[in-house]
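Undergrad: Here are the chains, one letter per residue:
Number of protein chains: 2
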Amino acid sequence: MSKRLYIQDVATRDGFQIEASFVPTEDKIALIDRLSHTGLAKIEVTSFTSPKAIPNLRDAEEVMRGIARVPGVEYTVLVPNVRGCERALSCEVDEINLVMSASDTHGLANLRMTPEQSLAQFAEIIEVTRGSGVFINASLSTTFGCPFEGDVPETRVYELTERLLEIGVQGVTLCDTTGMADPAQVERICRESLQRWPEAVFTAHFHNTRGMGLANALAALNAGIDRFDASLGGLGGCPYAPGASGNICTEDLVHMFQRMGLDTGVNLDALLEAAATLPGLIGHEVPGAILKAGKSDRRYPKPKWMQEAGL
Amino acid sequence: MSKRLYIQDVATRDGFQIEASFVPTEDKIALIDRLSHTGLAKIEVTSFTSPKAIPNLRDAEEVMRGIARVPGVEYTVLVPNVRGCERALSCEVDEINLVMSASDTHGLANLRMTPEQSLAQFAEIIEVTRGSGVFINASLSTTFGCPFEGDVPETRVYELTERLLEIGVQGVTLCDTTGMADPAQVERICRESLQRWPEAVFTAHFHNTRGMGLANALAALNAGIDRFDASLGGLGGCPYAPGASGNICTEDLVHMFQRMGLDTGVNLDALLEAAATLPGLIGHEVPGAILKAGKSDRRYPKPKWMQEAGL
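Just so you know, the protein sequences line up as chains S and H, in that order. Remember, the numbering used here sits 946 above the position in the first sequence when you count from 1. Remember, the numbering used here sits 946 above the position in the second sequence when you count from 1.
Okay, chain S solo, but in the shape it has when bound (with noise of 0.2 angstroms):
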């Protein structure tokens, strides 16, 4: 049980993009800050997209370049086409995260592209960063199910992650973009993933659309998983299913891990109280359960009559 396991925060890209306002680039910077020092293995900091495309994100410069980078720290970014990726490498990231989807539909509908044409984009962008050391992630969305056409082919999802690999992409993280995902069916994937492909770095995305984020993630770890994304206080959302969760929370993974036994290398209580400034810059509460619950070791006063009569 004390295999170290490594916490990858989404909250600054996949929560703040889907926010209906946009928070202060000092108060992204701050928050990042903040992260930097509890722990985490990873930071999604932003996306170098189109400001038109992501207006939350249009400061995606400033933040990359007003953080101040923590040694151990990775700082990663998406990137969504090579005018993307060399504004990214302008700013020295450690990594890059490329996404496509696995099935044919959900791409047209999410980037516009089918599988095919991100490869060949993938392979473009690839190009850009040669010689530059950047790290190449690519998020594969869909993974576990598409919205648009339902299951998706494992044997399609091995097909890409090969191709991925073969063009030069070093990570894989295998997405349940809208919360599809199944533990039997993550504990299967994610095994024969990391089986066929002993040598690439497998992340684990989650999100809580139908309450299984954390039964999930307990699923990919016990298929051997030990990279994990999670967003701060459970930002980010799903576009097809309003009101629902999004992506599972990084305190409440975190917490359950830690409950485990298990090293995340996390400071909890540090993560907790950056968590807690998120409802003053978004304006709404966040779905974290540790934050409203309190941890598994909070303690309660014994009611009042208890105290009195010295039982």
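Hints were generated in silico from the structure; no laboratory data involved. Check before you lean on any hint, since a few could be wrong.
Because identical chains cannot be distinguished in the list, a pair is counted as satisfied if it fits within a single copy or across any two copies.
[Unchecked claim] Mimicking DSS-like on lysine-lysine, the simulated pairs with C-alpha atoms at most 25 angstroms apart in a straight line are: (1) K1250 with K998; (2) K1238 with K949; (3) K1250 with K1238; (4) K949 with K1241.
Dock chain H against the given chain S, drawing on the hints supplied.
TA: Coordinates of chain H only, in the frame set by chain S:
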């Protein structure tokens, strides 16, 4: 993966008892009658407590006598004392559920009895049931931790289980009363309990207070547990964590197990229809995720631009 699982709903007892308003007797009966046709293995109908202690369940006899019992479904009731047991027996329940705590402080705070006092009272109650053929279950609260004392020694849990079985209890529910359990602990305690007492009937009872409810259910399943308490809509709460989730949600649990290819015997659509009536009965939204997000096989229409472009 074809092992049969047994799903037991506690919403009309564990859920309704803490609602702000009284659910009319005829509505309780109608809901239970509806649930009786969903394939649930057991329904915890009500509690034969003093009407003063729990006014919401003051109609215990009327409800128990008013429902149309379906063969194959077990109807259980909570029984706090000999008087409650006599009332329950007069209604010809299938099972009585006794409740005690594994920790002294929670026992005193919640039941005004230490575990020793509870055991003595259980012996009296069981004496009253002799010859009735009623099944005796005991719910062991704070099995996975006490909100006052913290960790409960696992040896204490096994000692109390042993004593419960010695005095004639046939089934033991391992209860995570305030949502403190973690999956590693759950798997350990469930596995050990099943191994020590292969002839006893064990149920796992989890709360989702800290987001780990379904992860803990998965851990219990992995340990060999096949009976699960859950609450329709996720009704029920944690008195020690206002605003936090309570019992795990029946339809979310069934949905997870079904997606995993497991046989719960439950018609999920019928269960969801029953859950959808809850807000009208209790006057507020419920925590269940599937009610909000839909099942994982829910399909969404393609974006309009794709439809128009014939994609």
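Undergrad: Hints first: check each against the structure and report whether it holds.
TA: To see whether the hints hold, each was checked on the structure:
1. Taking identical chains as interchangeable, the C-alpha atoms of K1250 and K998 lie at most 25 angstroms apart only when they sit on different chains, with a minimum of 20 angstroms there against 58 angstroms within one chain.
2. Neither within a single protomer nor between protomers do K1238 and K949 lie at most 25 angstroms apart by alpha-carbon distance, with minima of 29 angstroms and 36 angstroms respectively.
3. Within a single copy, K1250 and K1238 get their C-alpha atoms as close as 23 angstroms, which meets the 25 angstroms cut-off; across copies the closest is 39 angstroms, which misses it.
4. In this homomeric assembly, K949 and K1241 come within 25 angstroms of each other (Cα to Cα) only inside a single copy, at 22 angstroms, whereas the closest approach across copies is 34 angstroms.
The structure fails hint 2 only (numbered hints given earlier).
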